[in-house]
Amino acid sequence: MHVSLLPILGGVTYVIAGGCRKSMFEDYSNHEVVIAPLPHTYTEEHDLPASFDWRNHSGVNYVTKVLNQHAPKYCGSCWLHAGIGVLNDRIKVAKNAQFPEVNLARQVVLNCGKKIAGSCHGGEDFGVYKFAQQEGLPDDQCQFYRGEDGHCSAIDNCINCDPPAGTGPCYPVRRYGRYFVTELGKMSKPTPHQIKSEVYRRGPISCGVDSGVVENGKYHPGDIVRATSNDTWNLDHDIVIVGWGQDKNGDEYYIVKNSWGTFWGDQGYFLVQSGINAMGIEQDCAWAVIDPEPRVRNYGPPDWMRMFPSSFKSEDYDVESESVVIS
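For the record, in the sequence shown the residue sitting at position 121 is 121 according to UniProt numbering, with numbers rising by one throughout.
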């Protein structure tokens, strides 16, 4: 594991491995938006089930697919995948797992969110939420993941292409939907009660961990990553907590979704012992509330003359001239 120390904002030092994780915010309190009561304030510990898994809640899967941050090329974007993973899952939870399943466009954050969220050289899960609050995010049919830092323009938010294949011109889509975050917050050194309450009431959350103990083939399906009181952790990776459980000995653990593909770990997941800050998982977490319905409007220039134009509302259509009004 290649580890480097970077001075970020106000002289604070953060550890990143392979350029995955660094803080973009010196004072989170200036960026949090908390409207509703936090779940742990109205959820008693004894009201939480002994085990809970959003992948199978009353027979329904509320979790979206495992992603791979390393393809088509290596990119230190664990922060992006954790943040996007939480938003994808929370949209599905809010929609009660109804069609359509939404997967947001990761590449848009790398194109347009460098100052807010990060780059392939490191970033912040909380920054993904902040970007989605300010700018909104389209789904991944607007922009495929390239695993590289891009430029920011209309076509870098939502793209389509005309035929013939390989030579047809590509252009920015005019009308499409963006999903917006309405609340976002940080959890500094949260207790298991706080983590479980947030996950149980509102959906998965993102947390920082020290990935060194699960890299280079060190993790095997069914293992629980444990810790001792003497362990110290350098947070260099971001993951998603989707639930929790207990082993046959009664030891409690979190169910964690990673961003290294389904061929890693247990179909992309691993287990981390809870209550003792194993991997540093109970040190720095974040959450967001996202509107499950997109704001559909004209974000790009006119595309009505293209072979595959975006859909438009009836008020955009001039009945007398039988043409689209391109305001």
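Because the hints were derived from the structure by calculation, they are not lab data. Bear in mind that the values here come from a model prediction, so they are computed numbers and not experimental data. Treat the hints with care, as some may be off.
Think about it this way: if two alpha-carbon atoms lie no more than 25 Å apart in a straight line, the pair counts; the simulated DSS-like pairs of lysine-lysine are [to be verified]:
| hint | residue 1 | residue 2 |
| --- | --- | --- |
| 1 | K186 | K218 |
| 2 | K186 | K115 |
| 3 | K65 | K95 |
| 4 | K114 | K218 |
Hints that the structure is at odds with (numbers, increasing): Per hint list: 1 and 4 violated.
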